[in-house]
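J.: Sequence:
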Amino acid sequence: MDKINHKESYILQLEQLETIIKETNSRIISDPPDVLIYENANFFTKAFLITMCAYLESYLKDALMVIVDELNIRLSTTKLPHNLVKWSLNIDKEFKENEFKYEQLKIGIKKKELDDYISGNPFKTKDLFKKFGIDLEKNAVFNSQKEEINSIVVKRNKILHHNDEASDVSNKDLTNNIKSLTDYIVNIDSLIRKHIE
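The opening position of the sequence shown corresponds to residue 230 in our numbering, with each subsequent residue numbered one higher.
Because the hints were derived from the structure by calculation, they are not lab data.
Be aware that one or more of the hints could be misleading.
The list that follows gives simulated cross-link-like pairs (lysine-lysine, DSSO-like), each with its CA atoms no further than 27 Å apart [what the hints assert, rightly or not]:
| # | residue 1 | residue 2 |
| --- | --- | --- |
| 1 | K340 | K375 |
| 2 | K339 | K290 |
| 3 | K236 | K335 |
| 4 | K236 | K423 |
| 5 | K408 | K335 |
| 6 | K236 | K408 |
| 7 | K384 | K408 |
| 8 | K315 | K325 |
| 9 | K325 | K308 |
| 10 | K423 | K384 |
| 11 | K290 | K423 |
| 12 | K384 | K236 |
| 13 | K353 | K325 |
| 14 | K360 | K335 |
| 15 | K384 | K251 |
| 16 | K367 | K423 |
| 17 | K341 | K236 |
| 18 | K367 | K236 |
| 19 | K236 | K359 |
| 20 | K408 | K355 |
| 21 | K251 | K236 |
| 22 | K308 | K339 |
| 23 | K308 | K335 |
| 24 | K340 | K423 |
| 25 | K355 | K367 |
| 26 | K359 | K375 |
Each pair of labels, with its calculated beta carbon distance range [claimed, not checked]:
| # | residue 1 | residue 2 | range |
| --- | --- | --- | --- |
| 27 | E326 | K360 | 26 to 36 Å |
| 28 | P261 | N372 | 23 to 33 Å |
| 29 | E342 | V370 | 24 to 34 Å |
| 30 | E377 | L241 | 20 to 30 Å |
| 31 | K401 | K322 | 24 to 34 Å |
| 32 | N386 | D260 | 30 to 40 Å |
| 33 | R256 | S396 | 10 to 20 Å |
| 34 | W316 | S399 | 56 to 66 Å |
| 35 | E376 | D345 | 20 to 30 Å |
| 36 | F324 | V415 | 35 to 45 Å |
Small disclaimer: the values here were computed from a predicted structure and weren't measured.
Glycine residues also receive a C-beta, built at the ideal position from the N, C-alpha and C atoms.
Put together the whole structure using the sequences plus the hints.
T.: The following block contains the structure:
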């Protein structure tokens, strides 16, 4: 994961978003306020919340692809026969001739295929990570973060799917959300690193 460190890239994007939120807030409270921002404060709040959740989901997809890529590198040097592994996982099944592959085993998951499984929702993330062999429920930090992250994602979903006005979200809430998402990404990243080392 050191070759392509997605964590730093997404944390930087979150930090830049935080800077924009703070600048937006300063323009709202200035005397006189920036009219464009003041009159559209709700729009900006919704956009900021949607953006930070998009960064989280993009990070998760990139980080999981690091696992796939790392395992494919290892598999290429190990040279495991695809058919033998397939048979060992389905020992009682008879395979048709067209189901055999005369090649070395590799993980064929592509980034686009992860799209249907990626979610900022930590409960869905937990289920996806099980497929990668990572049990997030055994991690105390994840367990302490999951409800807060879920509330951020649920609010984003209400904005996207139910046109929630987000009038109950302040700029301070947004900067707190960025801190929470950053801490969450750092923890997830450390678990992925342990998994592939």
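J.: Each of the hints needs a verdict: does it hold here or not?
T.: Results for each hint:
At roughly 24 Å between alpha-carbon atoms, K340 and K375 fall within 27 Å of each other, so this suggested pair holds. At most 27 Å may separate the alpha-carbon atoms for a hinted pair to count; K339 and K290 meet this at roughly 10 Å. Between the alpha carbons of K236 and K335 the distance comes to roughly 25 Å, so the proposed pair stays at or under 27 Å and holds. Proximity of K236 to K423 is assessed by CA-CA distance (about 14 Å); at most 27 Å being required, the pair is judged to hold.
The suggested pairing of K408 with K335 is violated, with an alpha-carbon distance near 37 Å, which exceeds 27 Å. Between K236 and K408 the alpha-carbon distance is near 14 Å, which keeps this suggested pair within the 27 Å criterion. Under the criterion of a C-alpha separation no larger than 27 Å, the hint pairing K384 with K408 is consistent with the structure, at around 16 Å. Straight-line distance between C-alpha atoms of K315 and K325 comes to about 13 Å, which keeps the hinted pair within the 27 Å bound.
Proximity of K325 to K308 is assessed by CA-CA distance (about 23 Å); at most 27 Å being required, the pair is judged to hold. Distance hint between K423 and K384 is unfulfilled; the C-alpha atoms sit about 31 Å from each other, more than 27 Å. A distance of roughly 17 Å separates the Cα atoms of K290 and K423; the hinted pair therefore holds under the 27 Å criterion. A threshold of 27 Å between alpha carbons decides the hint, and for K384 with K236 the separation of about 24 Å falls inside it, so the pair holds.
Distance check on the hinted pair: K353 and K325 sit about 35 Å apart at the alpha-carbon level, beyond 27 Å; violated. The straight-line distance between the Cα atoms of K360 and K335 is roughly 16 Å, inside the 27 Å bound, and the hint therefore holds. Distance hint between K384 and K251 is fulfilled; the C-alpha atoms sit about 20 Å from each other, no more than 27 Å. For the suggested pair K367 and K423, the alpha carbons sit about 13 Å apart, so the restraint of at most 27 Å is met.
For a cut-off of 27 Å, the pair hint linking K341 to K236 stands: about 20 Å separates their Cα positions. Distance restraint check for K367 and K236: the Cα-Cα separation of roughly 22 Å lies within the 27 Å cut-off, and the hinted pair is therefore satisfied. A C-alpha spacing of about 20 Å is found between K236 and K359, which places the hinted pair at or below 27 Å, so the restraint holds. At most 27 Å may separate the alpha-carbon atoms for a hinted pair to count; K408 and K355 meet this at roughly 21 Å.
Distance restraint check for K251 and K236: the Cα-Cα separation of roughly 23 Å lies within the 27 Å cut-off, and the hinted pair is therefore satisfied. Our distance criterion of 27 Å between C-alpha atoms is met by K308 and K339, whose separation comes to about 20 Å. Note on K308 and K335: the hinted pairing holds, with a Cα-Cα distance of about 9 Å set against a maximum of 27 Å. As the CA atoms of K340 and K423 are separated by approximately 21 Å, the hinted pair is consistent with the 27 Å bound.
For the proposed pair K355 and K367, the alpha carbon gap of about 10 Å is at most 27 Å, so the pair holds. Between the alpha carbons of K359 and K375 the distance comes to roughly 16 Å, so the proposed pair stays at or under 27 Å and holds. At roughly 29 Å, the beta carbons of E326 and K360 sit within the given window of 26 to 36 Å. The beta-carbon spacing between P261 and N372, approximately 47 Å, falls outside the hinted interval of 23 to 33 Å.
The hinted window of 24 to 34 Å between E342 and V370 holds, with their beta carbons roughly 28 Å apart. The hint said 20 to 30 Å for the Cβ distance between E377 and L241, and at roughly 22 Å that hint holds. Checked against the hint of 24 to 34 Å, the C-beta distance between K401 and K322 comes to roughly 57 Å, which is inconsistent with it. Range check, N386 to D260: about 36 Å between beta-carbon atoms, so the 30 to 40 Å window is met.
Between R256 and S396 the C-beta distance comes to about 19 Å, which sits within the given range of 10 to 20 Å. Roughly 58 Å separates the CB atoms of W316 and S399, a value that falls within the hinted 56 to 66 Å. In this structure the hint that E376 and D345 lie 20 to 30 Å apart at CB holds, the actual value being about 25 Å. Remark: the range hint 35 to 45 Å for F324 to V415 is upheld by a beta-carbon distance near 44 Å.
When the structure is compared with the earlier hints, violations turn up for hints 5, 10, 13, 28, 31 and for no others.
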